[in-house]
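Colleague: Could you build all of it, start to finish, from the sequences and the hints given here?
So the sequences go chain by chain: A and B. Residues in the first sequence are numbered from 1 upward in steps of one, following the working numbering. Residues in the second sequence are numbered from 1 upward in steps of one, following the working numbering.
Calculated from the structure, these hints are not laboratory results. Because the structure is a prediction, the values reported are computed rather than measured. Even glycine gets a Cβ: it sits at the ideal position worked out from N, Cα and C. Heads up, none of these hints are tricks.
Lysine-lysine pairs mimicking DSS-like chemistry, simulated, CA-CA at most 27 Å apart:
hint, chain 1, residue 1, chain 2, residue 2
1, A, Lys-229, B, Lys-58
2, B, Lys-229, A, Lys-229
3, A, Lys-58, B, Lys-229
With the Cβ distance kept under 7 Å, some of the chain A side facing chain B (calculated, not the full set):
hint, residue
4, Leu-191
5, Thr-262
6, Leu-281
7, His-288
8, Ser-314
9, Phe-326
10, Thr-343
11, Arg-347
12, Arg-361
2 protein chains.
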Amino acid sequence: MLCAVAEEMELTDLEKLRAAIEAGDGSALLAAAGEIHYADLAHEYENYDDEERDFLLKTIGPELATDLIGELPWTLIEEALSHFKPAQLRIILGNLSDDDRVDIFQIVSQENQRRFFSLLGPHDEQLTRNLLKYDEDTAGGRMTTSIGRITADMTVKQAITVLRRDKDSAETLSRIFVVDEQGRLVGKVRLRDLAFHPWPTMIHDIMEDADERVLATTDQETAARILSKYDLIVLPVVDEFDHLLGVITYDDAMEILQEESTEDIEKLAAIGGEQSELSYLNTSVNSHFRRRVIWLVVLAFVSIFSGYVMFRFSEVLNQAFVLSLFLPMVVAAGGNSGGQAATMVIRAMSLGEVSAGMALRIAWKEIRTGLMLGATLGLAMGLFIYFLLPFIQSQSDITYARLAITVSGSLLLQVFSSTLLGALLPIGARAIRLDPAVVSSPSLASTVDVTGMLIYFTAAKFILTL
Amino acid sequence: MLCAVAEEMELTDLEKLRAAIEAGDGSALLAAAGEIHYADLAHEYENYDDEERDFLLKTIGPELATDLIGELPWTLIEEALSHFKPAQLRIILGNLSDDDRVDIFQIVSQENQRRFFSLLGPHDEQLTRNLLKYDEDTAGGRMTTSIGRITADMTVKQAITVLRRDKDSAETLSRIFVVDEQGRLVGKVRLRDLAFHPWPTMIHDIMEDADERVLATTDQETAARILSKYDLIVLPVVDEFDHLLGVITYDDAMEILQEESTEDIEKLAAIGGEQSELSYLNTSVNSHFRRRVIWLVVLAFVSIFSGYVMFRFSEVLNQAFVLSLFLPMVVAAGGNSGGQAATMVIRAMSLGEVSAGMALRIAWKEIRTGLMLGATLGLAMGLFIYFLLPFIQSQSDITYARLAITVSGSLLLQVFSSTLLGALLPIGARAIRLDPAVVSSPSLASTVDVTGMLIYFTAAKFILTL
Numbered sequence: 001m002l003c004a005v006a007e008e009m010e011l012t013d014l015e016k017l018r019a020a021i022e023a024g025d026g027s028a029l030l031a032a033a034g035e036i037h038y039a040d041l042a043h044e045y046e047n048y049d050d051e052e053r054d055f056l057l058k059t060i061g062p063e064l065a066t067d068l069i070g071e072l073p074w075t076l077i078e079e080a081l082s083h084f085k086p087a088q089l090r091i092i093l094g095n096l097s098d099d100d101r102v103d104i105f106q107i108v109s110q111e112n113q114r115r116f117f118s119l120l121g122p123h124d125e126q127l128t129r130n131l132l133k134y135d136e137d138t139a140g141g142r143m144t145t146s147i148g149r150i151t152a153d154m155t156v157k158q159a160i161t162v163l164r165r166d167k168d169s170a171e172t173l174s175r176i177f178v179v180d181e182q183g184r185l186v187g188k189v190r191l192r193d194l195a196f197h198p199w200p201t202m203i204h205d206i207m208e209d210a211d212e213r214v215l216a217t218t219d220q221e222t223a224a225r226i227l228s229k230y231d232l233i234v235l236p237v238v239d240e241f242d243h244l245l246g247v248i249t250y251d252d253a254m255e256i257l258q259e260e261s262t263e264d265i266e267k268l269a270a271i272g273g274e275q276s277e278l279s280y281l282n283t284s285v286n287s288h289f290r291r292r293v294i295w296l297v298v299l300a301f302v303s304i305f306s307g308y309v310m311f312r313f314s315e316v317l318n319q320a321f322v323l324s325l326f327l328p329m330v331v332a333a334g335g336n337s338g339g340q341a342a343t344m345v346i347r348a349m350s351l352g353e354v355s356a357g358m359a360l361r362i363a364w365k366e367i368r369t370g371l372m373l374g375a376t377l378g379l380a381m382g383l384f385i386y387f388l389l390p391f392i393q394s395q396s397d398i399t400y401a402r403l404a405i406t407v408s409g410s411l412l413l414q415v416f417s418s419t420l421l422g423a424l425l426p427i428g429a430r431a432i433r434l435d436p437a438v439v440s441s442p443s444l445a446s447t448v449d450v451t452g453m454l455i456y457f458t459a460a461k462f463i464l465t466l
Numbered sequence: 001m002l003c004a005v006a007e008e009m010e011l012t013d014l015e016k017l018r019a020a021i022e023a024g025d026g027s028a029l030l031a032a033a034g035e036i037h038y039a040d041l042a043h044e045y046e047n048y049d050d051e052e053r054d055f056l057l058k059t060i061g062p063e064l065a066t067d068l069i070g071e072l073p074w075t076l077i078e079e080a081l082s083h084f085k086p087a088q089l090r091i092i093l094g095n096l097s098d099d100d101r102v103d104i105f106q107i108v109s110q111e112n113q114r115r116f117f118s119l120l121g122p123h124d125e126q127l128t129r130n131l132l133k134y135d136e137d138t139a140g141g142r143m144t145t146s147i148g149r150i151t152a153d154m155t156v157k158q159a160i161t162v163l164r165r166d167k168d169s170a171e172t173l174s175r176i177f178v179v180d181e182q183g184r185l186v187g188k189v190r191l192r193d194l195a196f197h198p199w200p201t202m203i204h205d206i207m208e209d210a211d212e213r214v215l216a217t218t219d220q221e222t223a224a225r226i227l228s229k230y231d232l233i234v235l236p237v238v239d240e241f242d243h244l245l246g247v248i249t250y251d252d253a254m255e256i257l258q259e260e261s262t263e264d265i266e267k268l269a270a271i272g273g274e275q276s277e278l279s280y281l282n283t284s285v286n287s288h289f290r291r292r293v294i295w296l297v298v299l300a301f302v303s304i305f306s307g308y309v310m311f312r313f314s315e316v317l318n319q320a321f322v323l324s325l326f327l328p329m330v331v332a333a334g335g336n337s338g339g340q341a342a343t344m345v346i347r348a349m350s351l352g353e354v355s356a357g358m359a360l361r362i363a364w365k366e367i368r369t370g371l372m373l374g375a376t377l378g379l380a381m382g383l384f385i386y387f388l389l390p391f392i393q394s395q396s397d398i399t400y401a402r403l404a405i406t407v408s409g410s411l412l413l414q415v416f417s418s419t420l421l422g423a424l425l426p427i428g429a430r431a432i433r434l435d436p437a438v439v440s441s442p443s444l445a446s447t448v449d450v451t452g453m454l455i456y457f458t459a460a461k462f463i464l465t466l
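Modeller: Spelled out as structure tokens, the structure:
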């Protein structure tokens, strides 16, 4: 069962599943579903219609459905739960891990939330109410409370007894946390240290410091970056009195970082609104439309300023229409170089490499880079114009010197200023607590289009009068 | 020591470190370095000059330096190793985890590689030579071979004895793999299952299937996506005969996915070449320049085509120069909408959501989205022109109907065609095994700038003659 082979087999299992659903064959469906990982099953579920989903959910029953629901995009969960009767819902809600359960309570309607609470046991209800206090984008909102906890005055044997009791509910036992009698985090041990030390060993003799920890109110992205930076499997979450509340696990961190990367990428392309939890093809045309239209309309209106500059300088163009040959180039070079600089800086901010306080060092780096880029581009075009000269002079009586100075000079100025602007605008936005998303590559391009027009036409006007 | 406080303390520790280095105080340096996580130490190391690095490395000695070197960006590693004498190098190379060691052997000069091999013990040398066979971008190139291995015919007690022997070298014991007498992967157990089962239990009674596995030649990104999709802590790597070679761990996966996201982001902004391993500020101006200049020059030449179209249609502009008010808008709307569509599709390809075979479904989605976007933008501008009309008519004798149809019609056509092109070009590039990087947002914009000019001027020319 190599990977290639495994994938082939999965395809066949998925095909069996689809055939069973179409045939309405419950036992074939159960057999096929049993062979498929629930992450793949959730992916497949997206493609089914209402009736097929109902048949699938009811056939696999509440136990398997719990695993499936834990993997579904949140937009599909409430609907999926509506297929079940209260007795089955009670099983599903009880089986869910506490972090998945609280996510679901956060997204369902008020009415469903009340109904679901009434189906929970008293312990789960209390736990869920406590977790619901945290915003869903914080460490508290993402953590799981199912962890192994022991105290420092236990022996290894006592610790193993305690953990054995909890082993099925604990999400990970790779790290076991040591708390004091008030529940404050004092250290950690690894399961391997329990497994390989003699039973009478005291926990406080083998425990290590648990320095890395975050407050429950910490932003989830910050928590994920700490996990990633220090290669942690779990990161403890505490309250302001250091009480251990739960942990964020490595798989949550991976998910958070992927979401943030996708968000960065989309924002840079001027795609607005919330990321769809559905895959590209399963996202509706309406949703695609809504996320793109706002910026398109805004940017279209910004472009009128460029148009107005061009309109105002009509007499310059009329004087030597060959100037139009290089107008789009000067304009676009600003958007391209500015977009490169903005992308570099925005990514570096996301990765925690630069902050607003480093604006001067960033400016100094981009001033030099921008000058080198502008000079190279200006020089390349100056040379190119030399070869193009016979054609250009056949259309106009412009001299080489005038044209080359206009084009090369404005390219240098446009690339230099756009690079600097592209690097500094995101920093500035962050500094005044504005969403750096307004500095997407297209919005930057629309802005420097205006400066490009101004630079080019002003230069041309001045040089043509010489 | 809450996170906020911890960060503050870290700052102080870093400041102590800097002060110790400046004062040349070795014992203060050692004390400060002992308080700093080596991931932070590596980050700090980037900022030091040659002399400071030498002092730091020699003071902390080969043991601590091993941890530091494992976290350094690869461009700094060879230089860091040059500070040590052969006896110290022997310690460092021996202490490195096998995956870090092979990474280093991959990047150093031929001469250093020979020298480093001579410093390794026979077992480490053989292991490193074996691992060097795999390309660094594959699962084999990223895996570690330090894992817990047991056989199915052992008892839990025997297994614990075997693992106890290996516990310090094994990178993770969260998953322990079961192999047959030929070393073929047959299953896995969790350390918790060993810890909590009675000692006489047979391994084959508690082991689970290890279905998820990859070939050593699998691309590292594919391996990382499998880890992420199935929430695995480790993913076994096998050869074509199913022999267990090693594992990829969750922290490698996190790193690989972050690198790939950064690559996507940079490519979309037309930034070329290899990602710098150094942080943004520590990357040299020369390197920033080199990665951006190529595409800037290429795109500048592409823009000449736009200029040429504009030049060719000079008589249309001269007939009604108010048309220039809307020219940048029509042109930019294509780049913006095309860039949005391309970004969506490229990200979906990266996340494994769409493949070239889905081109028709993607086209159908984007045809509808593009029509809606184009119609909305066309309508908005048609209305806007109505309010702008007094000004426009004062400059020209153009009628509302003619102007509105020209602008709205070409916006519709330009947005629709650019959206479709933006979505299909990356798919097409992938299909013919071209690097989808050529479909960056700027290169797409430069292309649809030409079509935008053509559409707008052709429409204007036609409608003005009516």
